[in-house]
Amino acid sequence: MLEIKNLTIKTADEKPLIMELNLVVNSEDKIAIIGEEGNGKSTLLKVINNKSEVEPYANISGEVHKHGLVIGYLEQSLDSDWNELPVHEYFVRNSPNSEINHEIYTRFNEISKTLSKLGISPKTLESEQLIGTLSGGEKVKIQIAKLLQKNPDILLLDEPTNDLDIETLEWLEELIVSQKIPVMFVSHDETLLEKTANMILHLEQVKSKHEARHTVKKTDYRTYVEEREQQLFKQSKDHGRERRNYKDDKRIISHQKSSVRAHQIKIKDSAVRRLLNKKMRNILVQEEKAESKLVTDKPEVEDPIFISFDKEASIPNGKKVLDLNIKELKIGERILAKNIELLVSGPSKVAIIGDNGIGKTTMLREIYKDLSGREDISVGYMPQNYNDILNPNMKAINYLTSDLESVDRDVISAYMGRIKLDWQEMNSKTSQLSYGQKAKLMILKMMVDRNNVLLLDEPTRNLSAISNPVIREMLKSFNGSIITISHDRKLLREVCDVVYKLEKDGLKKKIF
1 MLEIKNLTIK TADEKPLIME LNLVVNSEDK IAIIGEEGNG KSTLLKVINN KSEVEPYANI
61 SGEVHKHGLV IGYLEQSLDS DWNELPVHEY FVRNSPNSEI NHEIYTRFNE ISKTLSKLGI
121 SPKTLESEQL IGTLSGGEKV KIQIAKLLQK NPDILLLDEP TNDLDIETLE WLEELIVSQK
181 IPVMFVSHDE TLLEKTANMI LHLEQVKSKH EARHTVKKTD YRTYVEEREQ QLFKQSKDHG
241 RERRNYKDDK RIISHQKSSV RAHQIKIKDS AVRRLLNKKM RNILVQEEKA ESKLVTDKPE
301 VEDPIFISFD KEASIPNGKK VLDLNIKELK IGERILAKNI ELLVSGPSKV AIIGDNGIGK
361 TTMLREIYKD LSGREDISVG YMPQNYNDIL NPNMKAINYL TSDLESVDRD VISAYMGRIK
421 LDWQEMNSKT SQLSYGQKAK LMILKMMVDR NNVLLLDEPT RNLSAISNPV IREMLKSFNG
481 SIITISHDRK LLREVCDVVY KLEKDGLKKK IF
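So the sequence shown is residues 1 to 512, counted in this note's numbering.
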């Protein structure tokens with residue numbers, strides 16, 4: 001059993017992330033940690049796993065009692081130092097620079113079986129294939145396989161769905177649900193949240209990010225969202241009704257007080273004055289009663305992100321956006337797929353799905369090269385690796401203004417406020433932003449630049465389950481064309497007109 005007592009986490013500059021969290025984690029709890037980007041979800045998992053990793057940049061108080069539990073912790077991204085090592089060494093080292101544990105080689109048959117279930121060939125363990133050559137999804141799979149070899153008492157998973165194909169997402173859902181041990185996880189994937197979570201920990205920052213608040217509910221994700229919306233709607237409605245009734249009562253009472261005071265000034269008769277004084281006391285009692293009916297506070301909730309594309313960022317109906325014909329899709333001399341043909345006309349929204357490592361990202365890069373020189377369209381590109389475009393030393397606000405001829409920084413700042421960046425974050429280097437903040441910044445850049453063709457590589461992969469519905473609605477209402485790689489099942493259903501699966505022999509249309 002994991003016990004968290006009065007846990008408070010603040011950033012080094014005293015910004016509150018979590019305040020006085022008390023939580024008991026029992027066997028078979030599947031706890032989804034939700035909240036906007038930058039609210040401390042990943043930090044909480046790190047504190048539970050190893051507080052010393054967080055202490056250099058955060059102030060922590062309270063207690064985390066692990067009672068000797070073996071923790072299986074999946075970090076959000078694999079340390080890049082692993083990239084130059086072969087896959088088999090990942091399983092026999094604790095860290096890239098640690099000694100090899102030769103005893104683990106005797107368990108490679110068991111590891112091979114786990115890898116097979118995850119869709120990775122057991123031959124990978126026998127080869128010298130470097131970890132750096134694996135796709136993002138394949139890296140997640142070997143991390144999960146390694147965790148399971150520890151026979152953990154609890155799993156802590158930080159965005160485990162990143163880079164996973166749909167088949168592996170479904171496998172992961174089954175894995176989480178079938179565990180007899182508790183699982184605490186952060187995920188942006190609403191479908192996975194709906195299918196797996198039986199307990200919700202919601203982290204929020206309210207009052208302009210000056211106050212941290214959390215909610216713990218023993219319920220599934222969809223019920224939590226629906227009940228929360230209903231509760232906030234009722235609270236807002238009750239608050240509004242009480243305020244209106246109070247104003248009506250106050251107006252009547254003020255009129256009565258003015259009338260009595262006017263008579264008190266004029267009347268000299270002591271008996272009448274006593275009656276007027278009694279009447280005034282009754283009015284004051286009525287005033288107190290009216291104030292006592294103000295029992296419902298205005299809902300104090302974290303403001304959602306709010307952005308939308310300009311309606312004029314559009315593509316004429318039927319305009320040819322892309323006529324792609326790739327005989328062989330390669331990385332170096334390695335052929336990933338053949339005979340790829342894709343015709344896209346405006347203003348259609350096209351999704352590409354496919355197994356990990358099949359070449360989806362490589363294909364989207366080729367599409368970007370093909371379209372970026374066109375003068376009749378304006379292309380916005382969001383790569384899977386944000387650093388392919390973002391200058392890590394550039395301030396976030398300068399990234400948005402770098403291509404604009406005339407800049408109203410107040411307007412740009414207002415836009416950045418809509419994606420929940422505060423003044424300090426606006427003026428931070430892009431390297432200092434979270435993955436989710438970088439993702440929203442890149443989407444905002446496309447909005448500011450008024451791009452009418454969007455090339456998006458897993459656009460929702462680092463966004464919270466709170467932000468994703470807003471992003472889906474934004475993309476759905478976009479009047480231009482979209483070509484996106486995605487395994488976000490809600491995005492595929494709600495936004496995209498057509499879905500293709502990339503296979504070794506080309507693109508195949510799928511009903512989704």
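Calculated from the structure, these hints are not laboratory results.
Glycine included, every Cβ here is placed at the ideal spot set by N, Cα and C.
Please note: incorrect hints may appear among the correct ones.
Mimicking PhoX-like on lysine-lysine, the simulated pairs with C-alpha atoms at most 20 Å apart in a straight line are [what the hints assert, rightly or not]:
| no. | residue 1 | residue 2 |
| --- | --- | --- |
| 1 | Lys-268 | Lys-278 |
| 2 | Lys-278 | Lys-10 |
| 3 | Lys-266 | Lys-279 |
Label pairs and their in silico Cβ distance ranges [to be verified]:
| no. | residue 1 | residue 2 | range |
| --- | --- | --- | --- |
| 4 | Lys-180 | Ser-61 | 39 to 49 Å |
| 5 | Ser-402 | Ile-252 | 54 to 64 Å |
| 6 | Ser-402 | Asp-497 | 26 to 36 Å |
| 7 | Lys-327 | Gln-231 | 23 to 33 Å |
| 8 | Asp-408 | Glu-227 | 38 to 48 Å |
| 9 | Ile-100 | Gly-62 | 31 to 41 Å |
Outcome of the hint check:
1. Lys-268 to Lys-278: At roughly 16 Å apart (the allowed maximum being 20 Å), Lys-278 and Lys-268 satisfy the hint.
2. Lys-278 to Lys-10: With Cα atoms ~55 Å apart, Lys-278 and Lys-10 exceed 20 Å; violated.
3. Lys-266 to Lys-279: Answer holds: Lys-266 to Lys-279 is near 16 Å, not above 20 Å.
4. Lys-180 to Ser-61: 39 to 49 Å: Given range 39 to 49 Å: violated, Cβ gap about 33 Å.
5. Ser-402 to Ile-252: 54 to 64 Å: 60 Å, holds
6. Ser-402 to Asp-497: 26 to 36 Å: 32 Å, holds
7. Lys-327 to Gln-231: 23 to 33 Å: 57 Å, violated
8. Asp-408 to Glu-227: 38 to 48 Å: For Asp-408 and Glu-227 the Cβ distance comes to about 42 Å; the hint holds.
9. Ile-100 to Gly-62: 31 to 41 Å: Holds: the Cβ-Cβ distance is about 38 Å, inside 31 to 41 Å.
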